[in-house]
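Asks: Chain residues, written in single-letter form:
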Amino acid sequence: MDFAYILEALPDLMTGLKTTLIVSFLAIFLSCLIGLVGAVLRKSGIKPLQYAVTAYVEFIRGTPYLVQIFFIFYGLPSLGLRFSIFWSGVIALTAWASAFQIENFRAGLAAVGSGMHDASASLGLKRWQHSIFIILPLATRAALPSAMNTIVATVKNSAYLQAIGLVELTFVAVDRIAYDFRAIEMFASICVIYLICVFTISGLGYMVERRLSRPFGGR
Amino acid sequence: MTANEKKSEMADPEIAVELSGVDKWFSILQVLHDVNLTVRCGEKVVVCGPSGSGKSTMIRCINYLEKHQKGRIVVNGTELTDNQKVIDRVRQDVGMVFQNFNLYPHLTVLENCTLAPRWVKGVARKDAEALARAYLERVRIPDKADFYPSQLSGGQQQRAAIARSLCMSPKIMLFDEPTSALDPELVREVLDTMAQLASDGMTMVCVTHEMGFARQVADRVVFMDAGRIIETAPPEEFFRNPRESRTKAFLSQILH
Numbered sequence: 001m002d003f004a005y006i007l008e009a010l011p012d013l014m015t016g017l018k019t020t021l022i023v024s025f026l027a028i029f030l031s032c033l034i035g036l037v038g039a040v041l042r043k044s045g046i047k048p049l050q051y052a053v054t055a056y057v058e059f060i061r062g063t064p065y066l067v068q069i070f071f072i073f074y075g076l077p078s079l080g081l082r083f084s085i086f087w088s089g090v091i092a093l094t095a096w097a098s099a100f101q102i103e104n105f106r107a108g109l110a111a112v113g114s115g116m117h118d119a120s121a122s123l124g125l126k127r128w129q130h131s132i133f134i135i136l137p138l139a140t141r142a143a144l145p146s147a148m149n150t151i152v153a154t155v156k157n158s159a160y161l162q163a164i165g166l167v168e169l170t171f172v173a174v175d176r177i178a179y180d181f182r183a184i185e186m187f188a189s190i191c192v193i194y195l196i197c198v199f200t201i202s203g204l205g206y207m208v209e210r211r212l213s214r215p216f217g218g219r
Numbered sequence: 001m002t003a004n005e006k007k008s009e010m011a012d013p014e015i016a017v018e019l020s021g022v023d024k025w026f027s028i029l030q031v032l033h034d035v036n037l038t039v040r041c042g043e044k045v046v047v048c049g050p051s052g053s054g055k056s057t058m059i060r061c062i063n064y065l066e067k068h069q070k071g072r073i074v075v076n077g078t079e080l081t082d083n084q085k086v087i088d089r090v091r092q093d094v095g096m097v098f099q100n101f102n103l104y105p106h107l108t109v110l111e112n113c114t115l116a117p118r119w120v121k122g123v124a125r126k127d128a129e130a131l132a133r134a135y136l137e138r139v140r141i142p143d144k145a146d147f148y149p150s151q152l153s154g155g156q157q158q159r160a161a162i163a164r165s166l167c168m169s170p171k172i173m174l175f176d177e178p179t180s181a182l183d184p185e186l187v188r189e190v191l192d193t194m195a196q197l198a199s200d201g202m203t204m205v206c207v208t209h210e211m212g213f214a215r216q217v218a219d220r221v222v223f224m225d226a227g228r229i230i231e232t233a234p235p236e237e238f239f240r241n242p243r244e245s246r247t248k249a250f251l252s253q254i255l256h
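From first to last, the protein sequence lines stand for chains A and B.
Counted from 1, the first sequence has number 156 at position 156 by the working numbering; the numbering is strictly sequential.
Counted from 1, the second sequence has number 64 at position 64 by the working numbering; the numbering is strictly sequential.
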C-alpha cells in the first residue's frame with residue numbers, strides 16, 4: 001500500500017467527506033422530524049393519513065434504494081420537478097431514512113404503556129400536555145437505539161449518491177481510481193474514514209442514551 | 001342545558017358519587033349490569049369480588065377513564081357526559097391510585113407531584129413544590145423527593161402515587177387494587193397511608209382484596225360478581241353474616 005499516495009489524495013477526500021457529512025446531517029435531521037410526525041400520524045386515528053403513511057413506508061421498504069435515487073433524479077424532472085444533484089441527493093436520502101425512522105418512532109410510541117395515559121387523564125392533564133411532557137420523552141428513549149441504527153445507516157447510504165454524480169466521499173475515491181488505478185489505497189482510506197464517522201456517531205448516541213437512562217427501567 | 005345548570009339542579013352536598021342503572025359493554029361483552037351505588041361524602045367504600053367481576057371497570061367509570069353506555073353517573077353534583085369540560089371538572093375532584101402506580105418514570109418523585117398542579121391548576125413552581133413536599137411528608141417519604149420512581153421500593157412508589165393524587169386536592173379518591181402489585185411485606189405501609197387518609201375524612205372508593213383493611217376502615221363493603229353488585233353491607237355484617245350464596249363462596253375462598 002502506497003501511503004504517500006493516500007496522503008496526496010487526502011485533501012480531495014476531505015472535500016468529498018465534507019459533502020458526505022452535510023448531506024447526511026440534513027437527511028438525519030429531516031428524517032428524524034418526519035419520522036416523529038409520521039409515527040404520530042400513523043397512530044392519529046385519522047384513517048386516510050394512516051393509510052398514506054403506511055403506504056409510504058411500505059413503498060420505501062419494498063423498493064431498492066438505488067431505484068429510489070434514480071426515480072428522484074431522473075424520473076421527477078419529466079414530471080416537472082427538477083432538483084440539483086445536491087438536493088436530489090438530500091431528498092433521496094431523507095425519503096429512505098424517513099420510512100425507517102417512522103417505524104422506529106412508532107415502536108417507541110407503542111412502548112409507552114396505557115398506564116401513563118390513565119395517570120395523566122386522572123390528574124386532569126390535557127392531551128397536548130400529556131403528549132409533550134410524558135409521551136415524547138418516553139417514546140424517544142424507547143426509540144433511541146433503533147433510531148441510532150438508522151442514523152448510522154443514513155451516513156453509510158449517502159455513498160449511493162455517487163451514482164447520480166454527487167461529489168461525496170465515495171465519488172471522489174472512485175473518480176481517482178479511474179485515473180490512477182490505486183483501488184486498494186482509495187477503498188481502504190474511505191473505509192477508515194466512514195468507520196471514524198460511524199464510531200463518532202454511535203459514541204454520541206451511547207452518551208445520549210446513558211444520559212437519558214438515568215434511573216428508569218421498571219415500569 | 002349547560003353543565004352549570006345541571007350542577008345546581010341536582011346538587012346534594014351529602015352525596016359524592018352516585019351511579020344509577022349503569023351498563024357498560026366492551027364491544028359485545030357486557031361488563032357492568034345495572035350498577036347502582038351511592039357514596040356519601042366522607043364515606044369509605046370497599047369493593048371486592050372475583051377477578052373479572054367489573055370492580056375496576058366500575059371505579060374507572062367514576063372519573064371517565066371508561067365510558068359507560070347506559071345509566072347516570074353523578075360526581076359531586078356533576079353528571080358525567082362526553083363533554084370534555086364536564087370530564088375535566090369531575091377529574092379535578094377525583095384522584096386515582098392504580099395497581100401499577102403509573103408514576104412517570106422519567107420524572108423525579110417531586111416532579112411527578114408538581115406536574116399536574118403546575119400545568120392544570122397553574123400553581124407557581126415554588127408553591128407546587130412546597131405542597132408536594134408537605135404531602136410526601138404525610139405519606140412518610142419526604143427524603144425520596146429527588147429520587148426517580150425506579151429507585152424506590154414498590155410500597156414507596158405507591159405512596160408517592162398517593163401523594164401525587166393528593167397534590168391536586170381531590171374530594172374523592174379512587175383506589176384500584178393499590179396493593180395487588182406489592183410484595184407482601186410492603187402492603188402494610190400502603191394500607192396504613194390509606195387508613196390515615198380515611199381518618200382525615202377523605203371520601204374513598206377502594207377496590208381491594210385486603211379484607212383486614214375493609215374491616216378496619218370501610219363503612220360499607222360492596223361485593224360484585226359478573227358485572228353486578230350482589231351485596232352491600234357494613235363490614236361486620238358482610239363478613240359475619242353474608243346473605244348471598246355467591247358472597248359466601250367468595251369469602252370462604254379468600255378468608256383462610
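Heads up, some of the hints might be wrong.
Short, incomplete list of chain B residues facing chain A, as computed with Cβ under 7 Å [claimed, not checked]:
1. S51
2. N63
3. N102
Cut-off 20 Å, straight-line C-alpha distance, at most; resulting in silico cross-link-like pairs (DMTMM-like, lysine to aspartate or glutamate) [claimed, not checked]:
4. A/K126 x B/E66
5. A/K126 x B/E185
6. B/K171 x A/D118
7. B/K67 x B/E43
Covered by chain B, according to a simulated footprint, are these stretches of chain A (three or more residues, beta-carbon under 8 Å) [what the hints assert, rightly or not]:
8. 60-67
9. 137-149
Hints listed in this document are in silico derivations from the structure and should not be mistaken for laboratory results.
By construction, the Cβ of each residue, glycine as well, lies at the ideal position given by its N, Cα and C atoms.
Asks: Each hint needs a verdict: does it hold in this structure or not?
Replies: Taking the hints in turn, this is what the structure says about them:
1. The criterion of a C-beta within 7 Å of any C-beta in chain A is not met by B/S51, whose closest approach is roughly 18 Å, and the hint is violated.
2. For B/N63, the suggested interface contact is upheld, since its CB lies about 6 Å from the closest CB of chain A, less than 7 Å.
3. Restraint check, B/N102 versus chain A: the minimum CB separation of about 4 Å is within 7 Å; hint holds.
4. Distance restraint check for A/K126 and B/E66: the Cα-Cα separation of roughly 17 Å lies within the 20 Å cut-off, and the hinted pair is therefore satisfied.
5. As the CA atoms of A/K126 and B/E185 are separated by approximately 37 Å, the hinted pair breaks the 20 Å bound.
6. Between B/K171 and A/D118 the alpha-carbon distance is near 19 Å, which keeps this suggested pair within the 20 Å criterion.
7. For a cut-off of 20 Å, the pair hint linking B/K67 to B/E43 is broken: about 24 Å separates their Cα positions.
8. Counting residues of the segment 60-67 of chain A whose C-beta lies closer than 8 Å to any C-beta of chain B gives 0; at least three are required, and the coverage claim is violated.
9. For the segment 137-149 of chain A, the stated coverage by chain B holds: 3 residues have a C-beta nearer than 8 Å to a C-beta of that chain, and at least 3 were required.
Going through the hint list in order, the structure does not satisfy hints 1, 5, 7, 8.
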